[in-house]
Amino acid sequence: MKDTWGIGSLAGKKILFANFPADGHFNPLTGIAVYLQQLGCDVRWYAAQEYAGKIKKLSIPHYPFQKAMEVTGSNLEQVFPERKQIKNAVRKLNFDIQHLFIMQAEEYYADILEINQTFPFDLLICDNAFTAIPFIKDKMQKPVIAIGVLPLTETSKDLPPAGLGITPSNTFAGKIKQVLLRYLTKQVLFKGSNRLLYRIMEKQGLEHHNHSVFDIGIKKSSLLLQSGTPSFEYKRSDLGKNIRFIGPLLPYSTQKHNQCWFDERLKQYRKIVVLTQGTVEKDVTKLLVPTLESLKNTDTLVICTTGGSQTHELKTAYPHPNLIIEDFIPFNEVMPYAHAYITNGGYGGVMLGIENKLPLVVAGVHEGKNEICARVGYFNLGINLKTERPNLAQIRHAVENVIGNPLYKKNVEALSREFARYNPNELVARYVAELLEPLHENRIIKRGINNLVVI
Numbered sequence: 001m002k003d004t005w006g007i008g009s010l011a012g013k014k015i016l017f018a019n020f021p022a023d024g025h026f027n028p029l030t031g032i033a034v035y036l037q038q039l040g041c042d043v044r045w046y047a048a049q050e051y052a053g054k055i056k057k058l059s060i061p062h063y064p065f066q067k068a069m070e071v072t073g074s075n076l077e078q079v080f081p082e083r084k085q086i087k088n089a090v091r092k093l094n095f096d097i098q099h100l101f102i103m104q105a106e107e108y109y110a111d112i113l114e115i116n117q118t119f120p121f122d123l124l125i126c127d128n129a130f131t132a133i134p135f136i137k138d139k140m141q142k143p144v145i146a147i148g149v150l151p152l153t154e155t156s157k158d159l160p161p162a163g164l165g166i167t168p169s170n171t172f173a174g175k176i177k178q179v180l181l182r183y184l185t186k187q188v189l190f191k192g193s194n195r196l197l198y199r200i201m202e203k204q205g206l207e208h209h210n211h212s213v214f215d216i217g218i219k220k221s222s223l224l225l226q227s228g229t230p231s232f233e234y235k236r237s238d239l240g241k242n243i244r245f246i247g248p249l250l251p252y253s254t255q256k257h258n259q260c261w262f263d264e265r266l267k268q269y270r271k272i273v274v275l276t277q278g279t280v281e282k283d284v285t286k287l288l289v290p291t292l293e294s295l296k297n298t299d300t301l302v303i304c305t306t307g308g309s310q311t312h313e314l315k316t317a318y319p320h321p322n323l324i325i326e327d328f329i330p331f332n333e334v335m336p337y338a339h340a341y342i343t344n345g346g347y348g349g350v351m352l353g354i355e356n357k358l359p360l361v362v363a364g365v366h367e368g369k370n371e372i373c374a375r376v377g378y379f380n381l382g383i384n385l386k387t388e389r390p391n392l393a394q395i396r397h398a399v400e401n402v403i404g405n406p407l408y409k410k411n412v413e414a415l416s417r418e419f420a421r422y423n424p425n426e427l428v429a430r431y432v433a434e435l436l437e438p439l440h441e442n443r444i445i446k447r448g449i450n451n452l453v454v455i
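Numbering (this note's numbering), first residue to last: 1 to 455.
Calculated directly from the structure, the hints in this document are not laboratory data.
Hints are supplied without guarantee of correctness; some may be wrong.
[Said to hold, decoys possible] Listed next, the in silico DSS-like pairs over lysine-lysine satisfying Cα-Cα at most 25 angstroms (straight line): (1) 56 <-> 14; (2) 271 <-> 410; (3) 267 <-> 315; (4) 271 <-> 286; (5) 137 <-> 203; (6) 87 <-> 67; (7) 14 <-> 137; (8) 67 <-> 267; (9) 137 <-> 67; (10) 357 <-> 315; (11) 54 <-> 67; (12) 241 <-> 175; (13) 235 <-> 186; (14) 142 <-> 219; (15) 191 <-> 84; (16) 56 <-> 67; (17) 386 <-> 92; (18) 235 <-> 357; (19) 186 <-> 241; (20) 219 <-> 235; (21) 157 <-> 219; (22) 409 <-> 267; (23) 67 <-> 139; (24) 235 <-> 157; (25) 186 <-> 386; (26) 142 <-> 241; (27) 409 <-> 235; (28) 241 <-> 219; (29) 157 <-> 191; (30) 219 <-> 203; (31) 219 <-> 139; (32) 296 <-> 386; (33) 84 <-> 386; (34) 14 <-> 142.
With the sequences and hints as input, model every part of the structure.
Here is the structure:
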């Protein structure tokens, strides 16, 4: 087949990957990195030391943080013990934006300048929260592809501001409220974060055009390739011209099936739910305990993965026959058996649940999970409990509802079919080729929100 996209010309191109040190920012990039490496690209990765082992398994050279601070999900509370005392969602988000993201930007840039001395890369691919994007794009004059590993944060005249987990309104009063909220968010709620960002950029001689912290990475990147599809995103009439949807990005998998996970109880229950609160959240009393407590000794089989948090203690406290509790169970092996997915709203996990056609019960607020959970509720893919600490009755009723109401299953199945129409890795490779190679004379690229057409 003729390579009208020039993907074959990528062999030998030097591509540097980088990510904010969190699993949800690292994992979605792994499949892209391996795919580009298989196309012959010289792929290397700048990341925290915590990801050295995973990067080694991918056979990709690793550049660890040197000047940048090692702050990850595993040591966050040790580095910033004061964060745990912040209960207000907006204050906590501001703390994270300033300390974990903005204040690391110059250090990321300094490290990458050093890397460039021995590995003069042609292109940077990073998650959209990697705050060195403006430095690489404007100061180093290198193309940057940002991967949207979170719901789109781009400000829009059609939507409420990002970060608050508020769903869009189409009423006149609702639209006026959205205008006021966008002003309040930029000029009051996140004013401190925006001013810090501007000071750092001005110090480095970078133009910011008063873009907010939610917009700067998108506006400054050559392309923002958004994980997911249009039907899982709010409609915008002013969508940025550099934004493309590429389908759901899931972690790289070797797809080995020699020892698939299985439990005989999967055959014994007519209702099965998968339960998780990810690997970052260590407080099992938020979602795991109330769900186990609510559904123990019922006709519902609960398959709970703890991410390594208090697994033994939970097994001891909940030895009930309808509860399976493990550190980790491959979701792609267990989700096909399930009827619903209970989660605190990690973006990758939600994508995987949708791909497996599972209606969702979501309960997350911090780390941007309020925006993910808001979309689940808005598009009727499940029930958004709008809290990090749901009570037993909320969980029980939500599970009964998402399993019993065919509306949720119908909507999730429709979105899953849309997901299946995308080949994320191939799409990314095509966009990389578009940035690094001149357009072939015999093709015209028509860009739509949903897809690309080559003539």
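Practice problem: With a cut-off of 25 angstroms on the C-alpha distance, tell me whether residue 235 and residue 157 pass. | Solution: With Cα atoms ~11 angstroms apart, residue 235 and residue 157 stay inside 25 angstroms; holds.
Quiz prompt | Pair hint outcome, residue 357 versus residue 315 [Cα-Cα no greater than 25 angstroms] | solution = violated (28 angstroms)
Quiz item: Is residue 191 within 25 angstroms of residue 84, Cα to Cα?
Solution: holds (22 angstroms)
Exercise. Sort out whether residue 267 lies within 25 angstroms of residue 67, counting only the CA atoms.
Key: Not satisfied, since the Cα-Cα distance of roughly 53 angstroms exceeds 25 angstroms.
Quiz item: Would the pair residue 219 and residue 139 pass a check requiring their Cα atoms to be no farther apart than 25 angstroms?
Solution: holds (15 angstroms)
Quiz item: Are the Cα atoms of residue 157 and residue 191 separated by 25 angstroms or less?
Solution: With a Cα-Cα distance of about 19 angstroms, the restraint between residue 157 and residue 191 holds, given a limit of 25 angstroms.
Quiz item: Given the hint that residue 14 pairs with residue 142, does the C-alpha gap stay at or below 25 angstroms?
Solution: holds (12 angstroms)
Quiz item: For the pair supplied as a hint, residue 186 and residue 241, is the alpha-carbon distance within the 25 angstroms limit?
Solution: holds (22 angstroms)
Quiz item: Is residue 267 within 25 angstroms of residue 315, Cα to Cα?
Solution: holds (21 angstroms)
Quiz prompt | Pair hint outcome, residue 409 versus residue 235 [Cα-Cα no greater than 25 angstroms] | solution = holds (22 angstroms)
Practice problem: Could you grab the alpha-carbon distance between residue 87 and residue 67 and see if it respects the 25 angstroms cut-off? | Solution: Not OK: residue 87 and residue 67 at ~31 angstroms, beyond 25 angstroms, violated.
Exercise. Quickly compare the C-alpha distance for residue 137 and residue 203 to 25 angstroms and report which way the hint goes.
Key: holds (16 angstroms)
The structure fails to meet hints 6, 8 and 10 from the earlier list, while all remaining hints are met.
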